[in-house]
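Asks: Here is how the chains run, residue by residue.
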Amino acid sequence: GAGVSQSPSNKVTEKGKDVELRCDPISGHTALYWYRQRLGQGLEFLIYFQGNSAPDKSGLPSDRFSAERTGESVSTLTIQRTQQEDSAVYLCASSLRPGRGTDTQYFGPGTRLTVL
Amino acid sequence: DQQVKQNSPSLSVQEGRISILNCDYTNSMFDYFLWYKKYPAEGPTFLISISSIKDKNEDGRFTVFLNKSAKHLSLHIVPSQPGDSAVYFCAAGIIQGAQKLVFGQGTRLTINP
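Line by line, the protein sequences give chains A and G. In the numbering used here, each residue carries its 1-based index in the first sequence increased by 105. In the numbering used here, each residue carries its 1-based index in the second sequence increased by 18.
Derived by calculation from the structure, the hints in this document are not laboratory data. Treat the hints with care, as some may be off.
Said to hold, decoys possible - With a straight-line cut-off of 30 Å between C-alpha atoms, the simulated DSBU-like cross-links for lysine-lysine are:
id, chain 1, residue 1, chain 2, residue 2
1, G, K118, A, K122
2, A, K116, G, K74
3, G, K74, A, K162
4, A, K116, G, K89
5, G, K23, G, K55
6, G, K118, A, K116
7, G, K89, G, K118
8, A, K122, A, K162
9, A, K162, G, K118
10, A, K162, G, K89
11, G, K55, G, K118
12, G, K72, G, K118
13, A, K162, A, K116
Since this is a predicted model, take the numbers as computed values, not measurements.
Bound-form chain G, shown alone (with noise of 0.2 Å):
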């Protein structure tokens, strides 16, 4: 049973546009969403989070929406670059648990020149 799910397996962007990476839940008890990036060879890094009380958060380039009602987060990256070519994996927690953190299968994201 897939509790996180991010149904495009790769998405294809050219530079200087919008990059939008989609994720769905269906467990109503996440209360905690986080999306890490992750290049071949090397362990997943932090990139941003968001909780249940708000629905946006805003780094920079990054911006993640939550719809807690359509159980549904997205990550916008604004302008696109190069170098946000990476697999991108949403992941969603409980922040009173143990914090074993579910991750969706990873969208790979490819930044064209």
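For reference, chain A alone in the conformation it holds in the complex (with noise of 0.2 Å):
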């Protein structure tokens, strides 16, 4: 079956512009992660979804972010009033199972953002 998708896969946009970000996770996943990826550093955690739970939003940076998913599919995650800070990859990722063991996470290609 497909793997995880995200879309654009590219964005260039005006400082102080709204975006928005895409993923559909591997289906019948039930988890849904969203990673940042700045220039030279690792992935920084941003939000977690899990079935019909509250989301983990602990790793959100600022009030300007924010993420939705419906049911078990696709998740948006929406940057408001965009920085330059806000330049990055972003990457989704989905996994089956969590909470039972160890379980992988997929991740798909990534949106790179580019705030000028």
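Dock chain to chain to rebuild the complex, using the hints, since each chain is given by itself in its own frame.
Replies: Below you can see the structure in the form of structure tokens.
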């Protein structure tokens, strides 16, 4: 089956504009994660969705960042009033059964966001 | 506060030799460790993992070693092949937690023919 897909692959925006990034997880995967990778740095956890539970938003860097997920399918990450420091690759991952021992996260190719 | 550190940003190894990538962590709550491999313009792909009840896990050419007392893990690739050239990230998590992984900064491995 298809892997995790993300769109757009690249996004260039002007400072102050809002952007919306999309993630389609692997079908049947109940958990979905968003990470951010700034240039030369490791992946930084942003938010985690698991089924119908309240999302873990502990990694969101500011209230300009928000994310939604419809059931166990598509998720969108929204960044309002973008700043230049938001420039990064935003990666989405999904996994099948988190919390039941080790569970592999499968990553999408990412969206490269550039804020001018 | 960097909880997972990869102190070598790059490593160059000759084809056929052993590649050793290192990773250190500070949070003693971590009980599950993974290595991911990333090619340009692609997302990271899972390579190998180890839980804290073990000190070694092997899968083909890849072996991960865990030294809990030193809070250190390493990935050995032997023999190294040109297709192994990529950025390698170590990651750590807590099995019973939300499994939000904490990643190191990555090490760029180059295998020279």
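Asks: Holds or violated: K122/A with K162/A, Cα cutoff 30 Å?
Replies: Holds, at about 22 Å.
Asks: Starting from K72/G, check that the Cα of K118/G is at most 30 Å away, please.
Replies: Roughly 21 Å separates the two Cα atoms, so the pair holds.
Asks: Take the C-alpha atoms of K89/G and K118/G, compute the straight-line distance between them, and say whether it is at most 30 Å.
Replies: Roughly 19 Å between the alpha carbons, so the hint for K89/G and K118/G holds.
Asks: Going straight from one Cα to the other, do K74/G and K162/A come out at no more than 30 Å?
Replies: violated (34 Å)
Asks: Are the Cα atoms of K118/G and K116/A separated by 30 Å or less?
Replies: Holds, at roughly 26 Å.
Asks: Need the status of pair K23/G, K55/G: alpha-carbon distance at most 30 Å?
Replies: Holds, at roughly 16 Å.
Asks: Taken at face value, is the distance from the CA of K118/G to the CA of K162/A at most 30 Å?
Replies: Holds, at about 11 Å.
Asks: Sort out whether K89/G lies within 30 Å of K116/A, counting only the CA atoms.
Replies: Violated - the C-alpha atoms of K89/G and K116/A are around 39 Å apart, more than 30 Å.
Asks: Checking one constraint from the list: CA of K162/A to CA of K89/G, max 30 Å. Satisfied?
Replies: Cα-Cα ~28 Å, so holds.
Asks: Between K116/A and K74/G, does the CA-CA distance stay at or below 30 Å?
Replies: It is violated: about 42 Å lies between the C-alpha atoms, which goes past 30 Å.
Asks: Does K162/A pair with K116/A here, judged by a C-alpha cut-off of 30 Å?
Replies: Holds: K162/A and K116/A sit about 23 Å apart, inside 30 Å.
Asks: Hinted pair, alpha-carbon criterion (30 Å max): K118/G, K122/A. Please report holds or violated.
Replies: Between K118/G and K122/A the Cα gap is close to 29 Å, so the pair holds against 30 Å.
The structure shown violates the earlier hints numbered 2, 3, 4.
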